[in-house]
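**Student:** Chain by chain, the residues run as shown.
There are 2 protein chains.
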Amino acid sequence: MKENWNAGNLDTLLLGILRQQSAHGYELIQKLKETSEGVFDLPEGTVYPSLHRLEKSGAISSSWDSTSGRRRRIYEITPNGRAAFQSGKKAWAKYSYSVNMVLGMSS
Amino acid sequence: MKENWNAGNLDTLLLGILRQQSAHGYELIQKLKETSEGVFDLPEGTVYPSLHRLEKSGAISSSWDSTSGRRRRIYEITPNGRAAFQSGKKAWAKYSYSVNMVLGMSS
DNA sequence: TTTCATACCTAGATACTCTAGGTATAGAGC
DNA sequence: GCTCTATACCTAGAGTATCTAGGTATGAAA
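Going down the list, the sequences are from chains A and B.
Take any residue in the first sequence, count from 1 to its spot, add 295: that is its number in our numbering.
Take any residue in the second sequence, count from 1 to its spot, add 295: that is its number in our numbering.
No lab work stands behind these hints: they were computed from the structure.
Fair warning: there could be bad hints in the mix.
A pair counts as met if it fits within one copy or between any two copies, since identical chains are not told apart.
[Unchecked claim] Calculated cross-link-like contacts (lysine-lysine; reagent style BS3-like; alpha-carbon spacing at most 25 Å): (1) 328 / 384; (2) 326 / 385; (3) 326 / 351.
All chains should be built: construct the whole structure from the sequences, respecting the hints.
**Tutor:** Printed below as a string of structure tokens:
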């Protein structure tokens, strides 16, 4: 039984970071790992496609940056993305509450 | 952005019901719907394969029952399944805590 | 100059849910 | 008796998301 609680949620998680600060892909991977205390240690092959998906859907926008000498694509959340985040957050609250009910977690 | 928080978790959810009582597939679908207050309204095409998966892995065992006139396959959780449930529950606690951190949910 | 961390990317494998069918019986209503 | 609905099971294939496993390239450190 392989647990993959992440499925379908990564987009919302990325917006969760970007809602507070713009960041580039590699940075997002690290921030996600830090914020989750190591639980989300996602491969680049997962995160980059997700970012492209989010940009295509209009939730984030990107621009190339070279000020650090190294080329980076900086992602910024859009108003659309903020709305999507709020909606995703609500869906998560509802969902996690229900899982807690079924699994018998008191809180 | 399609939310599918369920992915990979259904097995643990089913064990969450079966840990308390044996049940047949159709019944599990209803119990899941009740317990989650409508949030988990899963199609049969999702649940039956998941049950077969769980049986194959040894987490549950089944037996045919006809006492109701209608044929039903009753599923029962095994000791292995109870262990898998505990492990899945722990994984969920860890995971949901981390999601809450990233999404900025206070609790 | 070699190695490692940074920084980006994609194709294909894998694995799950879901759609869309199928079969069959019990019971209710006419 | 007949029709309809709910019950109860099933599977093949579509769709989609993550992950594996590669690839390229640069800056900094050893």
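**Student:** A separate judgement is required for each hint: does it hold in the structure or not?
**Tutor:** Hints, verified against the model:
| no. | hint | in the structure |
| --- | --- | --- |
| 1 | 328 / 384 | both (19 Å within a copy, 21 Å between copies) |
| 2 | 326 / 385 | both (22 Å within a copy, 23 Å between copies) |
| 3 | 326 / 351 | within (22 Å within a copy, 39 Å between copies) |
Checked against the numbered hints listed earlier, the structure breaks none of them; every hint is satisfied.
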